[in-house]
Amino acid sequence: MTAVDTGLAAEYAAIYAYGAAAVHLDGDPRWIAEELEAEHRSRRDALVDYYGAHGLEAAPSEPGYDIDPITDAAGAQELLLAIEENVTATWRAAVAATEPTEREICLKMYSDSAVSLARWRLGIGRPVADPWPGRPE
Amino acid sequence: MFTTRRGLLVGAAVLTAAGCTEETAQIITSDADLTAALHTARSLARAADALGYSEIAQDHQAHVATLERLLRPNEVTEETAEVPADAAALAEAEAAGGSEAAESCLATESNYAVLLGEIAACRAAHAAVIV
Numbered sequence: 001m002t003a004v005d006t007g008l009a010a011e012y013a014a015i016y017a018y019g020a021a022a023v024h025l026d027g028d029p030r031w032i033a034e035e036l037e038a039e040h041r042s043r044r045d046a047l048v049d050y051y052g053a054h055g056l057e058a059a060p061s062e063p064g065y066d067i068d069p070i071t072d073a074a075g076a077q078e079l080l081l082a083i084e085e086n087v088t089a090t091w092r093a094a095v096a097a098t099e100p101t102e103r104e105i106c107l108k109m110y111s112d113s114a115v116s117l118a119r120w121r122l123g124i125g126r127p128v129a130d131p132w133p134g135r136p137e
Numbered sequence: 001m002f003t004t005r006r007g008l009l010v011g012a013a014v015l016t017a018a019g020c021t022e023e024t025a026q027i028i029t030s031d032a033d034l035t036a037a038l039h040t041a042r043s044l045a046r047a048a049d050a051l052g053y054s055e056i057a058q059d060h061q062a063h064v065a066t067l068e069r070l071l072r073p074n075e076v077t078e079e080t081a082e083v084p085a086d087a088a089a090l091a092e093a094e095a096a097g098g099s100e101a102a103e104s105c106l107a108t109e110s111n112y113a114v115l116l117g118e119i120a121a122c123r124a125a126h127a128a129v130i131v
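Here the protein sequences line up with chains A and B, keeping their order.
Per this note's numbering, residue 1 is the first one in the first sequence, and the count goes up by one each step.
Per this note's numbering, residue 1 is the first one in the second sequence, and the count goes up by one each step.
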């Protein structure tokens, strides 16, 4: 499994989680979640294009992903925070790729995911500052 | 050169004091990507602090501390730069700093690709949330 494969799998899981969680949100978090879900879909599409351009076949998404049951807005916010942190951590690790085009797309995805993470933190009233986005503690 | 034992001892002491010993010289090389990242981190830290974005300034200070540690024993001198006039100018400087670190990340052959990527991602995130 390549770094890009792992990142694509994280993006699939994020899209699934947003689909399940956004309905529990209102106000600013709701529209930010909708925007971020659209960004994950755009990233997925860019990744599928990357596979096509390199004569590779992208793995399909799973039929479902294992997420905790969501009962309220607070639970939805926490789930999406965990999702954004996971996606950012996945792409951060992928930047270590040594093949130039692979590193380039992984860095683009990492940077975009760090922006999404910061926007979500801001949207739910969490501190945004993070010198090392996605770095394991 | 040394005609007496006393002369020999004095000569040896002088040569040692002057640094003329047989210790292997250590050539210190600086990493240009890390040095550039350090200059920008210092500049962004000053700018964010001056405009009241203390948490963002702390992110840059964390970068400064890490980069200075990696560049030791080299001392990288401070460069004075104009502080951005407002939040929009700071966001622009953050975006430019992010692009600079991203280019370094893609070009570097060192082991610091992930570090430079982290700095690039952090600056991009700042640029997106500064209002």
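Note that these hints are calculated values from the structure, not bench results.
Please note that a few of the clues may not be correct.
Reference excerpt, derived from the structure (chain B facing chain A, CB under 8 Å, subset only) [what the hints assert, rightly or not]: (1) I56; (2) Q58; (3) E68; (4) A85; (5) A89; (6) G98; (7) E100; (8) A102; (9) L106; (10) A113; (11) V114; (12) A121; (13) A124; (14) A128.
Heads up, the beta-carbon is just placed ideally off N, CA and C, and yes, glycines get one too.
Going through the hints against the structure:
Taking 8 Å as the C-beta contact cut-off toward chain A, the hint placing I56/B at the interface holds, the least distance being around 6 Å. At a threshold of 8 Å, the smallest CB-CB gap from Q58/B to chain A is about 6 Å, leaving the interface hint in force. Interface hint status for E68/B: violated, as the beta-carbon distance to the closest one in chain A is roughly 14 Å, over 8 Å. This hint is violated: A85/B has a C-beta 22 Å from the nearest C-beta of chain A, more than the 8 Å allowed.
A cut of 8 Å between beta carbons decides the hint on A89/B: the least distance to chain A is about 19 Å, and the hint is violated. Here the hint on G98/B is kept, as its CB sits about 7 Å from the closest CB of chain A, short of 8 Å. Checking E100/B against chain A by beta carbon gives a least distance of about 13 Å; that is not within 8 Å, so the hint is violated. Here the hint on A102/B is kept, as its CB sits about 6 Å from the closest CB of chain A, short of 8 Å.
Given hint, L106/B at the interface with chain A, holds; its Cβ is 6 Å from that chain's nearest Cβ, closer than 8 Å. The beta carbon of A113/B comes within 6 Å of a beta carbon in chain A, closer than 8 Å, and the hint placing it at the interface holds. Taking 8 Å as the C-beta cut-off, the interface hint given for V114/B holds, the closest approach to chain A being about 5 Å. With a least beta-carbon distance of about 4 Å to chain A, the hint placing A121/B at the interface is held under the 8 Å criterion.
The criterion of a C-beta within 8 Å of any C-beta in chain A is met by A124/B, whose closest approach is roughly 5 Å, and the hint holds. The interface hint given for A128/B holds, since its Cβ lies 4 Å from the closest Cβ of chain A, which is under the 8 Å cut-off.
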